[in-house]
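Protein chains in written order, with the working numbering: chain H, -18 to 214; chain U, -18 to 214; chain G, -18 to 214; chain W, -18 to 214.
Keep in mind that a hint or two might mislead.
Copies of the same chain are indistinguishable here, so a pair counts whether it falls within one copy or spans any two.
Stated by the list, open to error - Result set (SDA-like, lysine to any residue): computed pairs, CA atoms no more than 20 Å apart in a straight line:
id : residue 1 : residue 2
1  : Lys19     : Ile44
2  : Lys40     : Met(-4)
3  : Lys19     : Glu(-3)
4  : Lys192    : Asp202
5  : Lys197    : Ser74
6  : Lys197    : Ala101
7  : Lys203    : Asp(-12)
8  : Lys19     : Ala115
9  : Lys197    : Asp(-12)
10 : Lys19     : Ser102
11 : Lys197    : Ile179
12 : Lys197    : Leu108
13 : Lys203    : Arg136
14 : Lys197    : Phe45
15 : Lys70     : Met(-4)
16 : Lys197    : Ala145
17 : Lys40     : Ile112
18 : Lys19     : Ser39
19 : Lys192    : Gly75
20 : Lys192    : Trp78
21 : Lys197    : Ile161
No lab work stands behind these hints, which were simulated from the structure alone.
Protein chains: 4
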Amino acid sequence: MHQARHDVSRTEFQMERFILFSDGVFAICITLLVIEIKVPNREELNIFSDAGLWEYLSKHALIFLGFLISFGIIGHYWTVHHRIFGYGKGYTSGLIWLNLGFLFSVVLLPFSSGLLAEYASDTHMYLPYGIYAANICLTGLMNCWLWLYVSSPRRNLLTHTISAARIQLGLYRSLVVPLIFVLAFLISFLLPLASRFIPILIPVILHWGMKGLERKADLKDKDARSEKEVYAS
Amino acid sequence: MHQARHDVSRTEFQMERFILFSDGVFAICITLLVIEIKVPNREELNIFSDAGLWEYLSKHALIFLGFLISFGIIGHYWTVHHRIFGYGKGYTSGLIWLNLGFLFSVVLLPFSSGLLAEYASDTHMYLPYGIYAANICLTGLMNCWLWLYVSSPRRNLLTHTISAARIQLGLYRSLVVPLIFVLAFLISFLLPLASRFIPILIPVILHWGMKGLERKADLKDKDARSEKEVYAS
Amino acid sequence: MHQARHDVSRTEFQMERFILFSDGVFAICITLLVIEIKVPNREELNIFSDAGLWEYLSKHALIFLGFLISFGIIGHYWTVHHRIFGYGKGYTSGLIWLNLGFLFSVVLLPFSSGLLAEYASDTHMYLPYGIYAANICLTGLMNCWLWLYVSSPRRNLLTHTISAARIQLGLYRSLVVPLIFVLAFLISFLLPLASRFIPILIPVILHWGMKGLERKADLKDKDARSEKEVYAS
Amino acid sequence: MHQARHDVSRTEFQMERFILFSDGVFAICITLLVIEIKVPNREELNIFSDAGLWEYLSKHALIFLGFLISFGIIGHYWTVHHRIFGYGKGYTSGLIWLNLGFLFSVVLLPFSSGLLAEYASDTHMYLPYGIYAANICLTGLMNCWLWLYVSSPRRNLLTHTISAARIQLGLYRSLVVPLIFVLAFLISFLLPLASRFIPILIPVILHWGMKGLERKADLKDKDARSEKEVYAS
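Required output: the full structure, derived from the provided sequences and hints.
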């Protein structure tokens, strides 16, 4: 660990800095998404009336759906990052680079969202959605790796021991988004338009589909604590 | 509450992180506004003299007014966010998503401001101003929801109990901006140009029109504290 | 003071949040400057060789000078903001809005820098440089106001009493940049090209020209402290 | 030292603010890189099929490689900045400006990366790669200067004394990136395409090539500590 060479008085701020830098990247990415919703140029597009503007906007409504989904996904990964590092107390230089790799996949999202938006009306094209889904899968897998790295007991990076059930819960959670997008991409060959609405399932699954696993993890963590208390007494 | 699963030593930073992430989004949005004020391209627009540039700029003066108003509005919502979370000591995952929803409406503001700017000279069009006003209303309503969520006594997210009068004050305050914009939009059908200046009323109302309610809230809060002291003694 | 209504435990973070939000805006502005240096489009400009690119870049060298100066100016105002709030321990809602006004003038800088860059080769035009100089003057004056507001003894926003000499030093310092730009703008009527290099004087004046005043302020502050110690003993 | 004029209670936050501002700039730069990967415009480029999009993307694959390398380099310099200031406990106004100079070179990276991307297919042009390599060398040298400034024992800016071996290690580490790029630029005259892959060597050298020096630095630092302990006892 590099960090051992720094004075202990600096450890907490070094950790916070590392997390706040990630937040900076998240905040910029989530805001840059809106840059891809181009303001329709009145002269280029000959839009000089409300009817013309309305027609343009309704024709490009899929772009807004895409923006909403991308915003939700980056927002989701931010909340996951927030949750993961809520357990963390230390870092290694390996973790810093793994986190940069994760941020790399997040930074690409405004591009692949933009690509999807640009070709939103060409529903016979599969590549834009494929690239977008691939990017989201990459983010999901990096997120999964990040969680396994941070939560691994042998690295001792957490504030307190957590149960294997909680580690598993985090693992499943991080795989929901990639799985749904692989599914949506496959369905897009049959039902191009409908497949765009599939990601709306994600919050449903993450909120209700995980209740059972969450209860189990809570229980196991509680057991672990009581046990520790027994040992301590 | 998810957060209960994190160690107490991390709670404060988790809360700060959540707030600073919001600030990042605010800071980027308020700065991105300026991107919508396009530097007039000298070759495209054949501007090769001060007179030409001046003509262009004065013709687009409404864009600067729009920029000023949008800056003021995002600035205003930031100060409100700052004030709300000055009372907060905890969060729930519901609050995180509610806040993301609020940020979503803020992130859209540079787009709807840009739309308004692009069609600023077409005073016969109502849609751009309508979309802009709708966006601001959305921000106002989300902000109102955020306040009701955080201040709700049963959620116990505040550092100390505040009076119902103060909760009400926050509610009224968050509704001033949407109301003024609905009004301005309606007036725009009669007086397209004049209606653009109506939002200038907002600071007047927020500063002077709320004095009475503020005094009442201060009084009630003081009472609540004395009472508590009486109980404590 | 609104802030009195928040719990004391939150004051420090509320203050830090207010400062870090400003830093976010500064960081974005100073980085957005580079967006105005357009990458020369190879197809539009028929640049297909090193010679062609070199010719283009050397013809637009003034843009790089402008970028350097704008970067230096935003950097300078950040250091001043950093210095001012190094003395601060509290805030008022007036200060928050004054600071937003200051940030407003900073946010405009990438636009007026871009305008200057776009018309850099039209040395017969005075308006772009005029707007740029006006923007910088506005920033300087807002900065001056901010300092007078924060340092005013009757507002009691500082961590410790500072001498009148130090308040004066801050005042003079914040006026150097606007004065130099007014001067440079006036000289631009006689010597358009040379006047662009005048801002290079700013660091010289700020570093060496203020030595005398700084020593005086240090002396007065020392006196004030010893006196206080005498009174305390 | 200016900072001596601020109250001691503010020193830590002033230092943190200075570092977090740098992080803001880093976060924006690393995210702005993606803006240079332009979404191919379907109408301008007549792309209406997956085959057309694929052809376009594969023809511009070098742009993605360039993006990856630039992301890695800004990420690398951020980790170095993070490591350097992990030792720091104080700052001077000289350090603030030196750091701004360093950030200046980082802020230019999205531009020179964009330039490189724009002319990626013109492998007979050396200027874009030359400018890019020069920018990276500037960043490397500024980084080297920053380290020598901060680590210099006579300035007393560190939390604890570090060995000369560690100072040397930091020096060598900061020179690896510029050296590799000078080399890659020279090789680009012989093997234009292959030279683009040379920067991939950087992580290899930084990770494995420095192991010996790192061990030496660790040893020396340990000696220094034991010695201090001897003196202290």
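| request: Tell me, in ascending order, the numbers of any earlier hints that this structure violates. | output: 2, 3, 6, 11, 12, 13, 14 and 21
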